[in-house]
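Chemist: Residue numbers (the UniProt record's numbering), protein chains in the order written: chain A, 1 to 304; chain B, 1 to 267.
The hints are simulated quantities; they were obtained by calculation from the structure and are not laboratory data.
We put the CB at the ideal spot given by N, CA and C, even for glycine.
Keep in mind that a hint or two might mislead.
Claimed, not checked - Straight-line C-alpha distance at most 25 Å; calculated SDA-like pairs for lysine to any residue: (1) K93/A x Q81/A; (2) K218/A x Q123/B; (3) K237/B x A262/B; (4) K212/A x T104/B; (5) K107/B x W143/A; (6) K218/A x D183/B; (7) K192/A x T149/A; (8) K107/B x F216/A; (9) K107/B x M200/A; (10) K107/B x T149/A; (11) K107/B x R206/A; (12) K107/B x P197/A; (13) K237/B x G149/B; (14) K192/A x A223/A; (15) K192/A x Y266/A; (16) K212/A x K233/A; (17) K142/B x K233/A; (18) K87/B x F216/A; (19) K212/A x K237/B; (20) K107/B x N77/B; (21) K233/A x V297/A; (22) K34/B x D203/A; (23) K218/A x K299/A; (24) K218/A x E125/B; (25) K218/A x R182/B; (26) K87/B x W217/A; (27) K295/A x K237/B.
What the hints assert, rightly or not - To spell it out: a stretch of chain A is covered by chain B in this simulated footprint if at least three of its residues, at any positions, have a beta carbon under 8 Å from a beta carbon of chain B; those stretches are: (28) 200 to 214; (29) 264 to 276; (30) 292 to 304.
Said to hold, decoys possible - Using C-beta positions, here's what the derived DEER-type ranges look like: (31) R120/B x G291/A: 31 to 37 Å; (32) T228/B x A304/A: 32 to 38 Å; (33) V253/A x G141/B: 24 to 30 Å; (34) R195/B x A304/A: 38 to 44 Å; (35) A191/B x A284/A: 24 to 30 Å.
Spelled out, the chains give:
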Amino acid sequence: MRQMLAVLTVVATLIGLWYLACIPMNMQGVLVEAERAGAEVSPPDAAVRREMGGVSLALRNGFAVPATWAQERPRLPAPHQVAVELWDTTVMKKITSKRSLVYHGWVTLSATLLGFGIGTVLGVLLAVGIVHSRVMDMSVMPWAIVSQTIPIIALAPMIIVVLYSVGVQGIIPKAVISAYLSFFPVVVGMVKGLRSPDAMQLDLLRTYSASKGETFWKLRLPASMPYLFASLKIGIAASLVGAIVGELPTGAVSGLGARLLAGSYYGQTVQIWSALFGAAILAACLVGLLGLIEKTVLKRMGMA
Amino acid sequence: MNGTGQQPELSSVVSAKGLDLTFQTNDGPVHALKDVNLEINKGDFVSFIGPSGCGKTTFLRCIAALETPTGGSLTVNGMTPDEARRKRAYGYVFQAAGLYPWRTIAKNIKLPLEIMGYSRQEQDERVRNVLELVDLAGFGGKFPWQLSGGMQQRASIARALAFDADILLMDEPFGALDEIVRDHLNEQLLALWARTGKTIGFVTHSIPEAVYLSTRIVVMSPRPGRITDVIESPLPKERPLDIRDSAEFIEVAHRVREGLRAGHADE
Ligand SMILES: Nc1ncnc2c1ncn2[C@@H]1O[C@H](COP(=O)(O)OP(=O)(O)OP(=O)(O)O)[C@@H](O)[C@H]1O
Ligand SMILES: [Mg+2]
Numbered sequence: 001m002r003q004m005l006a007v008l009t010v011v012a013t014l015i016g017l018w019y020l021a022c023i024p025m026n027m028q029g030v031l032v033e034a035e036r037a038g039a040e041v042s043p044p045d046a047a048v049r050r051e052m053g054g055v056s057l058a059l060r061n062g063f064a065v066p067a068t069w070a071q072e073r074p075r076l077p078a079p080h081q082v083a084v085e086l087w088d089t090t091v092m093k094k095i096t097s098k099r100s101l102v103y104h105g106w107v108t109l110s111a112t113l114l115g116f117g118i119g120t121v122l123g124v125l126l127a128v129g130i131v132h133s134r135v136m137d138m139s140v141m142p143w144a145i146v147s148q149t150i151p152i153i154a155l156a157p158m159i160i161v162v163l164y165s166v167g168v169q170g171i172i173p174k175a176v177i178s179a180y181l182s183f184f185p186v187v188v189g190m191v192k193g194l195r196s197p198d199a200m201q202l203d204l205l206r207t208y209s210a211s212k213g214e215t216f217w218k219l220r221l222p223a224s225m226p227y228l229f230a231s232l233k234i235g236i237a238a239s240l241v242g243a244i245v246g247e248l249p250t251g252a253v254s255g256l257g258a259r260l261l262a263g264s265y266y267g268q269t270v271q272i273w274s275a276l277f278g279a280a281i282l283a284a285c286l287v288g289l290l291g292l293i294e295k296t297v298l299k300r301m302g303m304a
Numbered sequence: 001m002n003g004t005g006q007q008p009e010l011s012s013v014v015s016a017k018g019l020d021l022t023f024q025t026n027d028g029p030v031h032a033l034k035d036v037n038l039e040i041n042k043g044d045f046v047s048f049i050g051p052s053g054c055g056k057t058t059f060l061r062c063i064a065a066l067e068t069p070t071g072g073s074l075t076v077n078g079m080t081p082d083e084a085r086r087k088r089a090y091g092y093v094f095q096a097a098g099l100y101p102w103r104t105i106a107k108n109i110k111l112p113l114e115i116m117g118y119s120r121q122e123q124d125e126r127v128r129n130v131l132e133l134v135d136l137a138g139f140g141g142k143f144p145w146q147l148s149g150g151m152q153q154r155a156s157i158a159r160a161l162a163f164d165a166d167i168l169l170m171d172e173p174f175g176a177l178d179e180i181v182r183d184h185l186n187e188q189l190l191a192l193w194a195r196t197g198k199t200i201g202f203v204t205h206s207i208p209e210a211v212y213l214s215t216r217i218v219v220m221s222p223r224p225g226r227i228t229d230v231i232e233s234p235l236p237k238e239r240p241l242d243i244r245d246s247a248e249f250i251e252v253a254h255r256v257r258e259g260l261r262a263g264h265a266d267e
């Protein structure tokens, strides 16, 4: 209860700050509109106003403050504008509509999940190889690390172009970029997890003459579970970023990335912000879902 | 002595001749075992005692093929330790219980049974039997963290007893337990040894524990790790706890203490 109160206080403070920030951010635009509508604005000279800061303008034109929260195309939309847009484009629109955020969210989500699946499987397989083979440990790990130092923004267009030239397009290129971002945390976490059993736990199996396979299934794999889940949570968030980034360079018409791009073309800031929040909410849901699965699995394993 | 000339009960289980083991470390070689000679016969209860770092654990690990000697010869049941390991000759109890946290107590005890390919039914039966043996009946469904340290240690002993290894190697299994629990487990261990006729190698830091349990006490000393004395216990096989107040017992304990002192004086 008390915790709830604390959380709500923080949220309310953030929203309050956001509303405050809207005033100076949007004041210039509001005053231009107000002047056009015949209101008296101070100072009256538009050229002078352009040189002034948003805060001092707001102090001299108190009457215009409410309008900064209700513009059509604000520089910074107010929280309730984003909320209304989110509501309109999710609940009020048919999911099949091109304007439905649920539709766009699903397009991105499906690429995210596919990429996350590929990345996870790849990451786990690589980790198993790295732990069992010295050659792989020395040859794969450095490349995996190098792969993550290349900015994805630079790499994404190339992946898309290369795949397009061999006739692959649609969800696959986006999933590949997703997988590219998500396999890394899985490799790192899984290698650490598979190596987490201590010498005594391994010696115990040696006294039973257990095979490498038995050691893997009965000791290494169960011991790696907490590590795996921690990496999966990072991996899925990275997957979502990858899918969105994958939608940007193609001029894709659907997906959260496409909404972001279209919004910035047409100066639809409310649309950009609602797509942004849509992505954030999606990420939170995915991570939360993984957390739930983690809790259930570890509890059943007696480790939570 | 027994006229027939055949002495099957005295057949050698572990035979070490001139055993050497040097660890190569960053600060130069560490002579963990030097010229160790020891015969352990079938059914013996042999305790290893000596100051920290004298190679007790190392010797036990050599027998279990967890460590490879750098010199001398070591056979177990007439085979190399590695062959004996593959024949599953050992039950090893480590200093810490080392139960797998994601397995219940019963499942922990089943671990070796699964690997050795026992049938489901046989597994269940054996788990039930050994749990009773170590006084843990009814705790099979609990996870390790739900048990006290002493109970966990008993579970790890049960795990080593669940399959039919005829050699039981125990590295300070009761080191972390309180005196009363320790006495109780000592009694149980002796009863188990009498019933199963296993050959037991037992590392301890406690002189009374060594004297109470063993048929032979091996006194070791460090730098380099070596055997300085082997004391045959004159105590009867049947040993109630109050045997520890008998003159014989005190006499043996005194000899062990003298042996340990001599080892220290050498340095
Ligand atoms: N893996 C290893 N690498 C290098 N040196 C080791 C290794 N294992 C043991 N040693 C060294 O060998 C010597 C004997 O160690 P060991 O563990 O057998 O002693 P111990 O008699 O069991 O001692 P304690 O009573 O403290 O358990 C020590 O000097 C130790 O530092
Ligand atoms: Mg030791």
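Chemist: Confirm or reject each hint.
Modeler: We went through each hint and held it up to the structure:
| no. | hint | result |
| --- | --- | --- |
| 1 | K93/A x Q81/A | holds (17 Å) |
| 2 | K218/A x Q123/B | holds (16 Å) |
| 3 | K237/B x A262/B | violated (28 Å) |
| 4 | K212/A x T104/B | holds (23 Å) |
| 5 | K107/B x W143/A | violated (40 Å) |
| 6 | K218/A x D183/B | violated (34 Å) |
| 7 | K192/A x T149/A | holds (20 Å) |
| 8 | K107/B x F216/A | holds (17 Å) |
| 9 | K107/B x M200/A | holds (18 Å) |
| 10 | K107/B x T149/A | violated (44 Å) |
| 11 | K107/B x R206/A | holds (18 Å) |
| 12 | K107/B x P197/A | holds (18 Å) |
| 13 | K237/B x G149/B | violated (29 Å) |
| 14 | K192/A x A223/A | holds (10 Å) |
| 15 | K192/A x Y266/A | violated (47 Å) |
| 16 | K212/A x K233/A | violated (29 Å) |
| 17 | K142/B x K233/A | violated (30 Å) |
| 18 | K87/B x F216/A | holds (21 Å) |
| 19 | K212/A x K237/B | violated (42 Å) |
| 20 | K107/B x N77/B | violated (30 Å) |
| 21 | K233/A x V297/A | holds (15 Å) |
| 22 | K34/B x D203/A | holds (24 Å) |
| 23 | K218/A x K299/A | holds (18 Å) |
| 24 | K218/A x E125/B | holds (21 Å) |
| 25 | K218/A x R182/B | violated (31 Å) |
| 26 | K87/B x W217/A | holds (22 Å) |
| 27 | K295/A x K237/B | violated (53 Å) |
| 28 | 200 to 214 | holds (count 11) |
| 29 | 264 to 276 | violated (count 0) |
| 30 | 292 to 304 | holds (count 3) |
| 31 | R120/B x G291/A: 31 to 37 Å | holds (35 Å) |
| 32 | T228/B x A304/A: 32 to 38 Å | violated (50 Å) |
| 33 | V253/A x G141/B: 24 to 30 Å | violated (57 Å) |
| 34 | R195/B x A304/A: 38 to 44 Å | holds (40 Å) |
| 35 | A191/B x A284/A: 24 to 30 Å | violated (60 Å) |
Hints 3, 5, 6, 10, 13, 15, 16, 17, 19, 20, 25, 27, 29, 32, 33, 35 from the list above are not met by this structure, while the remaining hints are.
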